[in-house]
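For chain A, the structure is supplied; the task is to place chains B and C on it using the hints.
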Amino acid sequence: MHAIREAVLLLSLLCLSVMPAYAQSDAPLQTILQTHADEVAKPGRRSVSVVLDDLDASGLPNVLPFLEAWQEKRIWQREADGVFFLAEEDDDDLNLRDIDTGAEDTALKDGFSQVKPNGGVRRVIATALVKFQLTDPDLDRRSTAVAAIARRPDANQLEPLLASVDREVDAALKARKVQLANFLSARFADSTEDRIAAIESLSSDTSIEARAVLNQILETTSGVAAERPDVNIARILTPGTDLSVADAYAQLVDAELAPAATPSTVIRAALEANITNGSVAGIPTAELDNDAARERAYAALATDGLVPPLVTSSEQSKAADAAVFYEAYKEKDAAITDVAARVLEEVEARVAFAQTVDLGLDALSLASIYFLAAIGLAITFGVMGVINMAHGEFIMMGAYTGYVIQLFVPDYTLSILIALPTAFAITFAAGVTMERLVIRHLYHRPLETLLATFGISIALQQLAKNIFGTQARPLTSPAWLDGAWVISDVIQISYIRIAIFVLALIFLVLILYVLKRTRLGLEVRAVTQNPGMAASMGINPDKINMLTFGLGSGIAGIAGVAIGLYAKVTSEMGADYIVQSFMTVVVGGVGNVWGTLAGASLIGFLQKGIEWFNPSNTLAAQTYMVLFIILFIQFRPKGIVALKGRAAAD
Amino acid sequence: MHKSFIFHNPSVLWFLLALALFTMAVTVLSEAFGVGLVSTSFVKTLGKTLCLCLIAIAMDVVWGYCGILSLGHFAFFGTGGYAIGMWLMYARTEGIVAASLEGQAIPPTPQEISDAIGTQIFGVVGSSEFPAIWAFADSLVLQLLMVVLVPGLLALVFGWLAFRSRVTGVYLSILTQAMTLALSLYLFQNDSGLRGNNGLSGLQNIPGFEDTSQATISMVFFLVSAIALAAGYVLFAWVMSGKMGSVVQGIRDNEARVRFLGYHVESYKLFVFTLTAVIAGIAGALYYPQAGIINPAEIAPIASIYLAVWVAIGGRGRLYGAVIGAAFVSLLSSWFTGGGAPAINLGFYTIQWTDWWLVLLGVSFVCVTLFFPKGIGGLFDYLVRKPS
Amino acid sequence: MKLTTKFSALAAAALVTTSSAAIAQSCAEPIKVGVLHSLSGTMAISETTLKDTMLMLIEQQNAKGGLLGCELEAVVVDPASDWPLFAEKARELLTVHEVDVIFGNWTSVSRKSVLPVIEELNGLLFYPVQYEGEESSKNVFYTGAAPNQQAIPAVDYFLEELGVEKFALLGTDYVYPRTTNNILEQYLQDNGIAADDIFVNYTPFGHSDWATIVADVVALGEDGKQVGVISTINGDANIGFYKELAAAGISADDIPVVAFSVGEEELSGLDTSNLVGHLAAWNYFQSAETEANTDFIAAWKDFAGAERVTNDPMEAHYIGFNMWVNAATAAETTDVDAVRAAMYGQEFPNLTGGTAVMLPNHHLAKPVLIGEITEDGQFDIISQTKEVNGDAWTDFLPESAVLTSDWKDLGCGMYNTETKTCVQLTSNY
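Residue numbers (numbering that gives the first Met the number 0), protein chains in the order written: chain A, 0 to 649; chain B, 0 to 387; chain C, 0 to 428.
Bound-form chain A, shown alone (with noise of 0.2 Å):
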């Protein structure tokens, strides 16, 4: 093995001595190459083209594989002589194989660099390769092209699109391709006929793309005329309500319709540039601490014809006003135009309304999140009227449960299904020991409850923090849960969140079922209203709190898996959620289920319509989310579902 690698070596270094590796007539792809030689190694995606061209020109059989050597990274450079080959890495080797010929070799991967085409550059040769892929046997090759044709929709690439339709088998595939056909024809086709027809047949697609059709066409520029022009007029501005005046006229100013404005800079700069013996224009310049006076300056000085006159804004709103500010379409024939605004406001409608849809999805998905985190909370705090600050440790002593249980299950299924009872396990168990140990003892003494339970909280975080490290963990759900459930470009929501909800509703149906239908139910709400009264009827309130606490607790670590999935595993995740439990059960109304989903519900929603009114700033939906629960409490101490009756005091 070693020998032969030895000879290859050997033959290589011959075939370097003898200048040029490769013959002009035997490598007519290799000679085209090396014409473009430092465009290959580094394209450019606006300068690429010229390769592309060439090599389309070729006609050459053997470029459609390097072309896909090309995009993905398969082809290396020998350092040496700039030769290209294909390639594939193999530890500190490169197995080559010669671009032309299909010769293969061996080398050292040292003389070698590899050609790492950007991810602009592997776009514009994916458009390249459409026309050979497009009625390639290969599906996948099919259905690449047709990708690379829906990024970068080109004029040119209709007809090959509209002759590949008829011959397509694959069904799917088909769709897809005449919804493509049909996008081009809107913004390409030859007869405006055609073009309307294609663009009424949008008015039903809210799809991303379809909107990017209509919105291309619509198209405008902005200008400024001293008369309307005899453009495709989409809308006249009226300066002072449709743009600002001082932007009017700044238009005006680059049309070269009027002069320059005079900002304070640069009155200030000509005043300082006239400074005679201590003053300017015979004022003082100790007097100029105002801009009143800086102005008469200035006034003085264009009088005397030292400076460019002072444009005054009366001027300048005058001017805007004499000016026609104008929208205008690119497209220049009006009656597609007006098809296009028509179908795109249609569409418009429908997309509104399902992003509206699509809010409600992310705030019943939020909801879900905040419905789990509280839950296991709303028992404890609710049923025991016990404070548990380390409730959100909880939560995370079951999100690092699932990660210790990935490092030793690599099956993600596998290890998710093992990690759930298993952290239900370990929380419950930690739940049964802090009630034993503290919380047994606090029952007379809420507020101390609280304070002990905050002690046992930062003690977790930081034990955390000791054997996990602060860096985040990675919890990786199975690849089932892996995307989005898609019902339109616009509504979809990820496979995890949707297992989140699902795993909440089995959550809420589990603990009415527990707190409704068994013994143990019904003794924690005796024990719940009464204590005492339960007691004597022969309940032992100290097992039946103790199960609970261990119940709410299981049910956190069950919470915490469910949150690393979708989010992370850091040992501050409890923390973040802890305050948000609070309120959700605080909110919604202490010792009842129903109580606890609605406060998720409240809050889920509250959030996600916060945030639709202010998009670009998520710290003030949450600010002003828990402003408002506050003022909530106030007017409503017991919550959304008050408990009547004794029970609801504290």
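If you are wondering where the hints come from, they were derived from the structure by calculation, not from laboratory data. Note that the structure is a prediction, hence the values are computed from the model and not measured. Keep in mind that the hints are not guaranteed to be accurate.
Derived lysine-lysine pairs resembling DSS-like cross-links, with alpha carbons at most 25 Å apart [stated by the list, open to error]: (1) K115(A) <-> K41(A); (2) K115(A) <-> K300(C); (3) K130(A) <-> K63(C); (4) K130(A) <-> K115(A); (5) K385(C) <-> K72(A); (6) K41(A) <-> K300(C); (7) K515(A) <-> K542(A); (8) K137(C) <-> K407(C); (9) K329(A) <-> K224(C); (10) K242(B) <-> K373(B); (11) K63(C) <-> K31(C); (12) K137(C) <-> K419(C); (13) K108(A) <-> K300(C); (14) K130(A) <-> K72(A); (15) K224(C) <-> K331(A); (16) K41(A) <-> K108(A); (17) K637(A) <-> K515(A).
Just chains B and C, lined up with the frame of chain A:
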């Protein structure tokens, strides 16, 4: 009245004596006024600790005496700090801007000066306009008034709403926590006009005293903090020793009964809540010029919880307990996290206190709550008082 | 337990002496180097690595014979991610421990906290992290990237190479994203991108609910323009963001994302198989193929553990420390003013090839690299510029375009070139 108040509270005298001795000792040992054995950075630490003691006694009054576990008193501490910080930043920047504009041929307009100051202060956070809340930042008197007014009004409005709706117990605790969370989230936003996450910085440079060394400035702040603590202590001890104090402690022990006796419980609670908020604001206004920087992280909910921790460890319902708790825990905390505590080698594992201090604090906190509900102060009582 | 037990043993002890017998004891006391990085709290994750880097560099220097015939001694303190504590610890380093130089800080707010102290006591600080600029202190050398060494080239790449026409600037709500996005907004508008085509969003630290924001970004494509995301999202909020991106099936071909705060460390908390092709811009990637980098990585793994990765701020400390050593050798003293004068024009080879030069504005000239995320959580470098001069005051905001920093000849960090005056000698904090 005054005589009997001191007579009934010999601990006040003892406390004042101890504080005076401590202050004198630090002064004598300081770099600025003494032999230089205590470094300036330690003087700053001590001065800040005194401010923390001041807010701790405020917390003790509201929790230990009145039974309201407020988890939001650092919000008042922080607003006090922001109020004074705004003047400090404005005045310092104004000085710099005035100096840089001085040599120009044409004197600047008021607008130009204001713009330049705005750019200097807000350029850091990518804006340059003065938000409306900076309207009074140029006046020390008005901003000093803000130190008292802003926390006071905030507490008054919040307390009025909360007590009126009879929100009590853990609900109130969570509500106060929500308040401080909302405030810190608000301040975290750049749009709040207080420089977002960066907060206000360079506060240790006092305008007008550019040539005074930090050693002297920090000693002055230390002494002022000591005086403020003494005054606050006497004030609270006096308020809590009278009839007012009895009613307030009655509310703590049984709110319903006090209400049936005809007292307007809400007014008493509101008074205590607002008064302690004002004192917290003053403590903050003294603290942050020593810390040098204030930002929203300072008033995150966790800070207020720590405040409760100090008071609980020190011992509730006794003012000196709060002082002991705040001083003890915060100094111990900086000793442990500062690497002062030696690592313990267990052979198979070495305990680093930077890593394990919080675990220790958390666990000891649980223990104090469980086994020593009266805290360190309770131990003190046990030693001083004869068993009855 | 924690895998770094080896030096957490050193961490707590305030004084760490890395002794070496090779050093001739020509001086009475060792030269003290302050290390001001958080070892606990939220920033410990990032800053502990830099503390370890400093310990390694000092150990290496001592093995080479120390500095000026003296041994170097690291003084490590823990400001615990508490911004006021940074100021306190900096004062302690300068007055109690009397260190000659400080290497430290990560967040901008911690730097702003330290600035007044360093300037008051005339200390020397090397700051290794990419930051928002708009600052120049006589006492600080900025070895990380200024916006024009990271953000602007990355945006150029988006405009030129990826043909992006519509931008989503997503950031965590704090000063670095705010200022950087401000500069970028102006820069994009100067380059013909309409204000309506720039979407800006700020989220809190540790944000995890990204569905709506990702949907908003996708919706930007509705007018047929190529959309790109410029991410200044910080820390572990990135995990939720990238997970949501992957779930929504957004490939780098559809909507490319370039991040300024995501490095090798951050990616280790993620499964990157769905993120291949998304980008990051830095001055250094671990995957850079040079001999110096191979040696550096080998030394680091040897010192800190085989599973550790290297990152951009580590290279910044590597360059900064070596420049300081060379400057002190040239000045024949560690006196701050003398070293500062010797720093200007110092050259030192980058780990990514080329040479870093210290400019009179206390910034470095460094190359800018753009990398694509690969499946193994590393970056494939696809673009590397020539050295770019760091600019303290950006040219793209009107109020700072007139400012310049030159501590060598003008002796001023905030010099107004229009009025020809020095606005201030201290920095703005």
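Task: Hinted pair K515(A) and K542(A), Cα distance within 25 Å - done: Between K515(A) and K542(A) the Cα gap is close to 18 Å, so the pair holds against 25 Å.
Open item on the list: Hinted pair, alpha-carbon criterion (25 Å max): K108(A), K300(C). Please report holds or violated.
Closed with: 24 Å, holds
- [ ] Decide if the proposed pair is consistent with the structure: K130(A) and K115(A), CA atoms, cutoff 25 Å inclusive.
- [x] Roughly 23 Å separates the two Cα atoms, so the pair holds.
Open item on the list: For a C-alpha distance cap of 25 Å, please report whether K242(B) and K373(B) respect it.
Closed with: 24 Å, holds
Task: Restraint check for K137(C) with K407(C), where alpha carbons must lie at most 25 Å apart - done: 10 Å, holds
TODO: Given the hint that K41(A) pairs with K300(C), test it: the Cα-Cα distance must not exceed 25 Å.
DONE: Roughly 33 Å separates the two Cα atoms, so the pair is violated.
Task: Pair hint outcome, K385(C) versus K72(A) [Cα-Cα no greater than 25 Å] - done: 23 Å, holds
TODO: Quickly compare the C-alpha distance for K63(C) and K31(C) to 25 Å and report which way the hint goes.
DONE: 17 Å, holds
Task: Hint consistency between K41(A) and K108(A) [alpha-carbon to alpha-carbon, up to 25 Å] - done: At roughly 19 Å apart (the allowed maximum being 25 Å), K108(A) and K41(A) satisfy the hint.
Open item on the list: Need the status of pair K329(A), K224(C): alpha-carbon distance at most 25 Å?
Closed with: 15 Å, holds
Open item on the list: Checking one constraint from the list: CA of K115(A) to CA of K41(A), max 25 Å. Satisfied?
Closed with: 7 Å, holds
Open item on the list: Run the distance test for K137(C) versus K419(C): straight-line Cα separation, threshold 25 Å.
Closed with: 19 Å, holds
Of the numbered hints given earlier, the model fails hints 2, 3 and 6; all others are met.
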